[in-house]
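Protein chains: 2
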Amino acid sequence: MEAQYVLGIDVGGTSVKLAVLTVDGNLLEKWNVPTNKADNGAYILKDISSSVKEHLLNLRLDKNQFIGAGIGVPGFINMEKGMVDFAVNIGWRDYPIVRILSDYLDMPVVVDNDANLAAAGEYWKGAGTGADDLIMFTIGTGVGGGIIVKGDILHGVGGMGGEIGHVTVVPEGGTPCNCGKAGCLETVSSATGIVRIGNIEAEKNKESSLYKQKQEGIQLTTKNIFEAAVRGDQTADAVIEKAMYFLGLAAANIANVLNPQKIVIGGGVSAAGEQLLFPLRNHYDNFALERVKLDSEFALAELGNDAGVMGAAWLAKTYLKD
Amino acid sequence: MEAQYVLGIDVGGTSVKLAVLTVDGNLLEKWNVPTNKADNGAYILKDISSSVKEHLLNLRLDKNQFIGAGIGVPGFINMEKGMVDFAVNIGWRDYPIVRILSDYLDMPVVVDNDANLAAAGEYWKGAGTGADDLIMFTIGTGVGGGIIVKGDILHGVGGMGGEIGHVTVVPEGGTPCNCGKAGCLETVSSATGIVRIGNIEAEKNKESSLYKQKQEGIQLTTKNIFEAAVRGDQTADAVIEKAMYFLGLAAANIANVLNPQKIVIGGGVSAAGEQLLFPLRNHYDNFALERVKLDSEFALAELGNDAGVMGAAWLAKTYLKD
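Listed in order, the protein sequences are those of chains V and B. This note's numbering puts the first residue of the first sequence at -9, with every later residue one more than the last. This note's numbering puts the first residue of the second sequence at -9, with every later residue one more than the last.
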């Protein structure tokens, strides 16, 4: 019986996403289980395993038909050792995830960082299909990233490759970042950063609808800010312009180093679509080398929340192939 | 007769460096031929070929004992097509270098950018030995770069990967760069950049020995500036500090993306050694993520002018192996 299926698993703070796919990427089934964070996440892998066994039974598939499972975790991963060094939102620390999960599932397992796998998912079956050199920015609460070089995930020596959100874009007087540095891209171009700049600019521009909204006790969100800009609010427009200036600078600098074919923008903030891409491209074009600019194209992520499981399945098929 | 030798060729503006090596990197012979730039470099490959044949005869080696030849060229290269798109200092444009040279030599040939090959040379047999993830900065008239990811040269989709010198470090009001942009790393941290800043600062600080030197009609060089700093000249010190601030910022930002094990500094300016590395490390540490910083180490290039031929030989053994 030739191995022809892969299992993709994406561990998140509230739920674990799972999917069964063929090695060609055809989805047979996808489902979720809740993330049980009790006892520092000690039950999560057992829950995954029970659920997988049940689903394979229903699908009439045997574990021997699987190349194996890929699993994505938000945190610092040592892929070679199969360890989660630290996953703050899950509770795992120095956790031998590959050994435990492969024992439970009785199939080979490979682990990687969730942001890397989102990039791999978009590369395999999303906005980056066919682009063997690709950068993905995931713009949500923070700015995450994943990089594909020559058709493989860029890991770096310690698994920290692709930490795009912590490129310094405000070298002097920048806002402190969760990482311990200051002036990181994440402080100005994430949802959090955009809202922070929005609050500052609203106070400075009392004619702005953002100021009025705040006066009414309604907290600013990126959605509000993008909507206000559509209505012609110049303050909202300037906030977006500033966030995209820094994102364009960082994207161009990374592109000058990597010469990618595609730059994929995902995460919650990417819902703004062309309203985000237009100023982003504009600033990118100013800071990218001519040939680098001509080689590259921006694209909105296509897989949404499925990027992680798709990337995990890609990881299994790519890293576990016999 | 098993193929066990490689030929490394490094085309420069004044001379072509050549070397015969075993696949393990043992040097049998190295020599130079002048670069004949007449008729847009039309005779260079023929000169190389004649010289190689002569040397192989003397070494009693047959072309069938060679895996092939690697050749490095300063310019834009299309490696897959075996073309030099444009090499301004040599005169080649849309030049099918692989086809012509492999006809002349009657062995397989592979071409790459000279800066990439300098990085590969240091990775194979120099300061970066064993570091499968490596960044090399070549600081001379300009700032060149080469990147090794997972033991292979990073090329990007169009061969522009590693254009480290054109990362923007002064986004607003930067000095115009040869590339058409402004505020590139090359404008502040190359020898040219350091001398340019030196001239500006010398005029502003008339007590500096740099000002006195200029008054005597002696042009500033990076060597002068580093020497003045050793003597305690504060203006010279501030010039070096500024150049290394920007180099440290760029190196940290690239490292945050690539998570390298080694950052190799080569080129003429690297002769300043610890006088350069000390302020560089200091600024790098400010802008690099903690884990990225812990994973990485600075090193001075070890191969000097031989890095290019060594890298070209590495390219042949790596890309032409049957």
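Heads up, some of the hints might be wrong.
Which copy is meant is left open, so a pair is good if it fits within one copy or across any two.
Stated by the list, open to error - Cut-off 35 Å, straight-line C-alpha distance, at most; resulting in silico cross-link-like pairs (DSBU-like, lysine-lysine): (1) 71 x 204; (2) 283 x 27; (3) 140 x 194; (4) 71 x 283; (5) 213 x 232; (6) 36 x 194; (7) 43 x 202; (8) 36 x 232; (9) 20 x 204; (10) 202 x 171; (11) 171 x 204.
Hints listed in this document are in silico derivations from the structure and should not be mistaken for laboratory results.
Inset, instruction - Would you list, in rising numerical order, the hints stated earlier that this structure does not obey? - result: Numbers 1, 3, 6, 7, 8, 9 - these are the hints that the structure violates, sorted from lowest upward.
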